[in-house]
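In order, the protein sequence lines correspond to chains A and B. Take the first sequence: its letter number 424 is residue 456 in this note's numbering, and every next letter is one higher. Take the second sequence: its letter number 289 is residue 321 in this note's numbering, and every next letter is one higher.
Any given hint might turn out to be false.
Claimed, not checked - Listed next, with one range per pair, are the computed distances between beta-carbon atoms:
# : chain 1 : residue 1 : chain 2 : residue 2 : range
1 : A       : P220      : B       : P603      : 51 to 59 Å
2 : A       : S199      : B       : G105      : 55 to 63 Å
3 : B       : R424      : A       : P417      : 29 to 37 Å
These aren't lab readings, by the way, just hints derived from the structure by calculation. All of these numbers come straight from a predicted model, not from anything done at the bench. Backbone N, C-alpha and C fix where the C-beta goes; we use that ideal spot for every residue, glycine too.
Here is what each chain is made of, one letter per residue.
Number of protein chains: 2
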Amino acid sequence: MPRTRPALSSTGPVRLGPDSRAALRPAAVGIGPGFWHARRATNAHASIPQGPALLETAGNLHNLRLAAGTAAGVFQGAYPFVDTDVYKWLEAAAWQLAQAPDDDLAGEVGRIVALVADAQQPDGYLNTWFQLVKGGERYQDLRWGHELYCAGHLIQAAVAHHRATASDELLDVARKFADHIDSVFGPPGSGKPIDGIDGHPEVETALVELHRETGERRYLHLAAYFVDRYGHGLLGGEAYCQDRVPVREATDVEGHAVRQLYLLAAATDLATETGDAELRSAAERLWHAMTTTKTHLTGGLGAHHDEEDFGDPYELPNERAYCETCAAIASIQWSWRMALLTGEARYSDLIERTLYNGFLAGVSLDGERWLYVNPLQVRDGHTDPGGDQSARRTRWFRCACCPPNVMRLLASLEHYLASGDDNGLQIHQYVTGLYTSDQVTVGCETDYPWNGTIALTVEETPADPWTLSLRIPQWCREFRVRCGEKTYEGPTDDGWLRLHRTWASGDKVVLELALEPRLTTADPRVDAVRGCVAIERGPLVHCLEGVDHSGGGLDDIVVDTTRPLAVKHRPDLLGGVTTVVAAGRRRHLPEAGWWPYSAADESPQQDGEPVELTAVPYYAWANREDGSMRVWLPTS
Amino acid sequence: MPRTRPALSSTGPVRLGPDSRAALRPAAVGIGPGFWHARRATNAHASIPQGPALLETAGNLHNLRLAAGTAAGVFQGAYPFVDTDVYKWLEAAAWQLAQAPDDDLAGEVGRIVALVADAQQPDGYLNTWFQLVKGGERYQDLRWGHELYCAGHLIQAAVAHHRATASDELLDVARKFADHIDSVFGPPGSGKPIDGIDGHPEVETALVELHRETGERRYLHLAAYFVDRYGHGLLGGEAYCQDRVPVREATDVEGHAVRQLYLLAAATDLATETGDAELRSAAERLWHAMTTTKTHLTGGLGAHHDEEDFGDPYELPNERAYCETCAAIASIQWSWRMALLTGEARYSDLIERTLYNGFLAGVSLDGERWLYVNPLQVRDGHTDPGGDQSARRTRWFRCACCPPNVMRLLASLEHYLASGDDNGLQIHQYVTGLYTSDQVTVGCETDYPWNGTIALTVEETPADPWTLSLRIPQWCREFRVRCGEKTYEGPTDDGWLRLHRTWASGDKVVLELALEPRLTTADPRVDAVRGCVAIERGPLVHCLEGVDHSGGGLDDIVVDTTRPLAVKHRPDLLGGVTTVVAAGRRRHLPEAGWWPYSAADESPQQDGEPVELTAVPYYAWANREDGSMRVWLPTS
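Chain A with its partners taken away, still in its complex shape:
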C-alpha cells in the first residue's frame, strides 16, 4: 500500500466558509502511482517548468515589467487579458508547491509574484493592457476589457499561493485590487461610481473564495452583486456575455461556454455560502439542461467555433465541436461545487467523464503541446490552417488561456476526488492513494481506469460507526462490492453505495466495476451521430485514428455491431493504453458522378472487405502523426 499522504496543503481551490450550506466538505487525497499520478508528474516536470520561458517569449512577463517601469518597449500580445496567463501559471505552480517543495519552482514563483506586485498601481488597479495600451483608461469597455476577469484569476492565484505557501505577498496584491474594485463597483444608490459587470464572468467565483480565505464578507457581497447584475442589459443584453437573461430566470445554458460556466460556478458558490435557494435551483436546472442537451460524449461543451458558443439543444457536431479545453475545466470546477452543495453523485459522474476525455485530450502525453478545441472527428483530407482553433496540437496559443488552465487543474486534482461529512467519507474518483477526512483515513489501490478492481483498506478510524460511500459510476452496468463477509451488487438508487458500520483499522473493501467495452448511442435528437455508435470502456471514450488503420482513411469505415468487442492492452502504445478492437469493413463506393445525392431507392452498394478496428482512448489522440480521427462510427 503506497503511503502517499495528502499534500502539504489540504485545502484546495474550494474551501467552505463557516456558514456554508454544502452537503459535503472537500477532503484531501494523496495520489499514489497510477493513471493520474503519471499525468501529474508530466505536469510537474514538463508543463509547469516550461511556463516561465513561454510567458517570457510571448511577452506576458515583459508587459508586467513595462507596467512596473522596469523595462522599456511596447506591450506584447493580442488581448487585454494576457495577464491571466501569468496568474493561471502562478496558481498551477502554487498548487504544485503544495504537493512537494521545489526550490527552483519556488524561486520562479517568487520572481513572478514580485513582477506582478511591482506592476500594480498604487490604488490597487492592475491590468497591463489598460495601463500600457489604453493610457490608463479604466472600466470604459467592460464588455471586452476583461479587467475584472483578470482580477478574478489574480485572486484565484493569490488564494492558491496563500493556501500553498502561507505567504501573504500575492494575497496582499489581490486584496488591494479587490478593494479597489469594491470601491468602484456597486448598485445604483450605493454611492459607487460604476454599476457594471465584466464581459467575462470569473471575478465572482474568485471573490467568494477570497471571502472564504480572508473572512471578509464585503467580497461575498460584491460577488453576489455582480452575479445578479448579469441579464439586465448592462453589457448590451447579449447572450454571449451572459447578459440576455438573469441567472435566476434562465432555463438553458447559452452564449459563450466558458463565460456561462464560470458564472454558474459563482452562482453555486453563492448558494453554498448564503443558502440562496433560488440560485441553487437555477444552478440545478441549468446543469440538467446542459447535460441532457448540450454536452458531447466526451464531456466537451460548446458547439460553435463562432463566438465559442453553446449551440441549440441537441446541436452537437463532431468535426466542428468546439469543446474548448477551458470549458471542460470550467465544467469540472462548477460540477465539483454542485457535488459539494448537493451531495449528489451525478455531478462527479460528469467530472469523471470530463476528466478522462474532454479535459485530458487538451494536453499532449508529453505535456508540451495543446489543443484549444477538442473535436470528435477529423476527416480524411482535413485541411487545417493551424492556430488556436486548430485540430492539430500546438506548442502555445495566441490566446493562451487553456495551457495554464490545464496546469492548474492537474496540480490541484487531488481536491476534486473525495469529500467528507458528519457521517463519513465519500470517494468520488478512484485513484491509488490515501483518502483522508477528519479522523478517517482509507487507502486505495487500483489500476483504474485500465482495471475495474478497487481495493480499499481502512487505515485510521474512529471507534463510532461511520459510512464509507462509494460512487458507482453512471456508465457502470454491473458492479460488486465485497466488505468483510457481505457482498453488494447494483444498482444503487442514487449512484452512492453506502457502507455503514463500525470499522476497524485493516478492514478491507473491494469494489469491482465491470469494464466490458460497450457500444453507445445518443438520443435520436442528436442529429450529428444518427446511425452511429461510439466505443467506450469504463470512463474512457475511445476513438479511431487514421494512423492505426493503414491502407485507407476512416471515412469509408463501418463498424459491425453484431460482432463482439475485444480488449487488448498495449503497453507499447501511447504511454500504455488498453485498446478496444472491433470488427468493421470498408465500404465500396461506386465511382462518383458529379452529384453526391441520389434517389433513396438507388443507394450505392455498401458491402466491403473486413477490417479490424483499433479504438484508442480519446484522451490520447493526436499524439502521433497528424491524421484523421473519429469517435462516432457509422453502423451501416
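Position chain B against the provided structure of chain A, taking the given hints into account.
Okay, now just chain B, sitting in the frame of chain A:
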C-alpha cells in the same frame, strides 16, 4: 403564346469576345408570365425601388457625398467595401432598365451615377473608406482593404449600365479607375509600383468583361496577371484569401467560398478568351471537386460560419450550413461561364438547382427581407441573436453584400437561360417566353416547376436544318419528347436531347418531365445526413416547417419511407406552391435522465403516433412565423 420579346439589351453580364473559345454563345430570352416572371416582378417593384432609401439610411450614399466634398459628416458603415452595395444596386437597376423603361428608376440611377462620378478622385481612384477614413492611404492593406474588389463591382455596374442604356457616364468612371489600377499594379520588372492582388477576388472577372465591352486588351492582361498571382504568398499564403496555392495547381476548392468562386469565374473567363487549356482544366477539376464533395443539396456552398469557408470534403452540416446567398450567386455566375465554355449540360443542372433553392431562399416572397446564410435546418427551440448570420430574415444587413447581389441576378436572369451556336439553339432553363438566337426564335409555354409539361413552338426559323437542344435535368428519371410524329425518351448521353431537322414556323415540340416527388439520400460520407432522406420534386428541394406541424416540433419527427408521397397544390400557401405530403410519425421518447447517451442495446423505444408531413419548397421557407425547419428527415 405570350409575346414577350427579349429585353431592350440582348447582351447580359457575359458577352464573348471575338476570339472567344466558348462552345456556346449566350442567347436572349424574353421571360413571360410564370414562376420567374413573378419573382422578377417583385424584384422590380419591391426590392430594387427600395434600394436608394436603404443605401441612404445605411450611409452608403452619404459616404459618396462626403468623398465628393458635397456633404459634411463622418464615414458611415463598418466595412471598407460599403461602396459595392451601391455598385451592385446600380448594376441591378441597369439590368432592370434594360427590361423596361422606367423614368423614376432611370432618374434614381442617374442621380446615383453622378454621386459616384463626383466621388472619384482626379487620378481615377475611388474608395470612400480609404478616401475618408484612411486619409487617402492606398493599397497598403490589400489583404483586407477591398479596393480592387470595389473596383470590380464598379466595373460590372458600369458595363451593365453601358449595355442597358448606352450611356458612357458610369463606364468612363470605371475605365478611369481601371486605368489607374493598371498603372499601379503589375509583375516585378513591369515598372509598375505594386506587385499585388486583392484579398477578395472580383476585379478579375470584371476586367475581362470590361475588355469585352471596350475591346481594350490591357484589361484582359491585367486580369490574367491578377489571377495568376494568387497562391504565391502575396497575401500571406492564406487559403481564406485564395493565396495558399495557385489556381492552376489547386485540386480542391477551399477558403472563403465567395472569394474562391469569383476567382474561378475569372479563371473561366480567361480560359474562354485566351484558350488557356491549363486554366480550363483547373476550372473543370475544381468544379467537379466542389460538386462531388462540398455542395449542399440546395446548391448552397460554404460549410463554416467561421471565415465563411468551404469545409473539408463531405463536411456539409445542416443547421450550421453557411451557404451564403452571395456564394449561390457566384456559383451561378461561374457555372454559366463553364456552360458557355464547354457546352456541357451539368453546369446548367447546378445552376437550376441553385436558382430554385439555395439562391432563391435568400430573398423573401415580398422582396423586402433577406437571408445572408441559408441553413438546411433550424431546430426546435433555436435561439437566434439576429444579425447578418441569422437564420431569421432581416430587412438589411450590416454587411449588405447579399441583397443587391440578389437584385442584380434576378434583373439579369434572362441571360442565364439559353445559348446558341452555329448548329442552333440550346434551352438550358425552362420558362414561359421567347428564346432567340440568331435567326431562330422559339416560343415556350410552361407552368414549370409546378408542372413538367413544356410546350415549344418554332416561331422563326431559317430554311436550313438546325438543332434544337433541350437540357434534360440531372434530377429527371423519366421524360418524353414529342416532336411532330416522333417521340423520344431518355436517358440522354450527356444531358442534352438534340432535335436536328428542318424546321418550319409553327412546328411544335412538347417535352414532358416526370415530376413525381422523390426521396433523396446522400453519399454515405456526408455524415450530417446519415439515416435521413430529403424530399424533392423536379428542381425543387422541399422542407418541413414547424408552422405546418402544430402540436409539436420537427425534431421528434420521423418520415415513413415505405408510404407513397402525395402532391397537393396549394394556391393559398406562400404565393401558390405545390406541396409534397408524406407519412411520418412522432417518436415517443422516454423521460430523459441527465445523460443523453446510452448503451446501443438499450436504445429508447421509438414508436409514435402517425403525423402527416407537409413539405413546402425550400425557397419559400421563413416567410411566415419564426420557427423550425428541416430539409433532411430521419427515417427511423
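Now for the hints, and whether the structure bears them out:
no.: 1; hint: A/P220 - B/P603: 51 to 59 Å; result: holds (58 Å)
no.: 2; hint: A/S199 - B/G105: 55 to 63 Å; result: holds (58 Å)
no.: 3; hint: B/R424 - A/P417: 29 to 37 Å; result: holds (31 Å)
Violation of the numbered hints given earlier is absent; every hint is satisfied by the structure.
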